[in-house]
Amino acid sequence: MKPLQLEGCFDERRFCIVLSESNKGTGQQNRTYRIGIKRHLNLPVAVTLYSPELGRMAHANAFLFDDSTIELGETSSPSRFWSNMRVKWTVGDINASHNNNYSYAPPLQPLENYPVVQGVNGSFSHFGASKYALDFGAKKGTPILAARGGIVIDTKSSGRKGGPTPEFAKYANYIAILHSDGTTGEYYHLMHNGVAVARGQRIQVGQLIGYTGNTGFSSVPHLHFGVYVAKYHGRYESVPFKMKPVNVDIE
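Position 43, counted from 1, in the sequence shown is what our numbering calls 43; the numbers after and before it change by one each time, with no gaps.
Calculated from the structure, these hints are not laboratory results.
It is possible that some hints are incorrect.
Unchecked claim - Below, a list of computed lysine-lysine pairs in the DSSO-like style, where the Cα atoms sit at most 27 Å apart: (1) Lys156 x Lys38; (2) Lys131 x Lys38; (3) Lys170 x Lys231; (4) Lys231 x Lys140; (5) Lys88 x Lys170; (6) Lys88 x Lys140; (7) Lys131 x Lys161; (8) Lys156 x Lys139; (9) Lys140 x Lys170.
Remember, predicted model here, so these are calculated numbers, not experimental data.
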């Protein structure tokens, strides 16, 4: 008989879902298992678990901001739970409130050398959750500087492909930096192996963090920059921001 699977971890053990035996059932046939979730990386993340085992709503949300275990429900069949469950997550603070007085430094310098090729409400891809974002045209390999200090909360550098349609989005390389107000500054479309920082690293404004590219949903080499608030169900929302020293007020 295969041993029961009691733990499943995600995103390089950013967080794990753990089943623990409950005291409710007696005997092998009546056992129940608590469904718990706990982070293992000391950074906030908003997680949604989907499973028919969770009852009528069939999903549960958890904001993992400390090292405690959050109980999400119960199951009588671990094998059934693992076979039909799925998760979505977004890094960052679900309760973030952006500091609208903060002026972001240009992520490419001197900024006048890098034209905005898509602005707020851009018809190519800046709508909905990405409404408030800027795309700066820049040749591949241009140094990217942190627009605001914080802690690196997520990165990807393995992507090699890029193209002008949404199916290429999964190949994008990126860096996400957690700010002191809980928002994240996100830098997208970096070149393959173009990330110069690591998860958990503290970053100062103006510090070199990576190099531009053309990976993901991208038609020309450029840098996408935006400021985001985490939401459940793997979603996020961009927020207005100000950038110095040029006269750019993204509202």
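*Can you name, in rising order, the numbers of the hints this structure does not satisfy?*
2, 4 and 6
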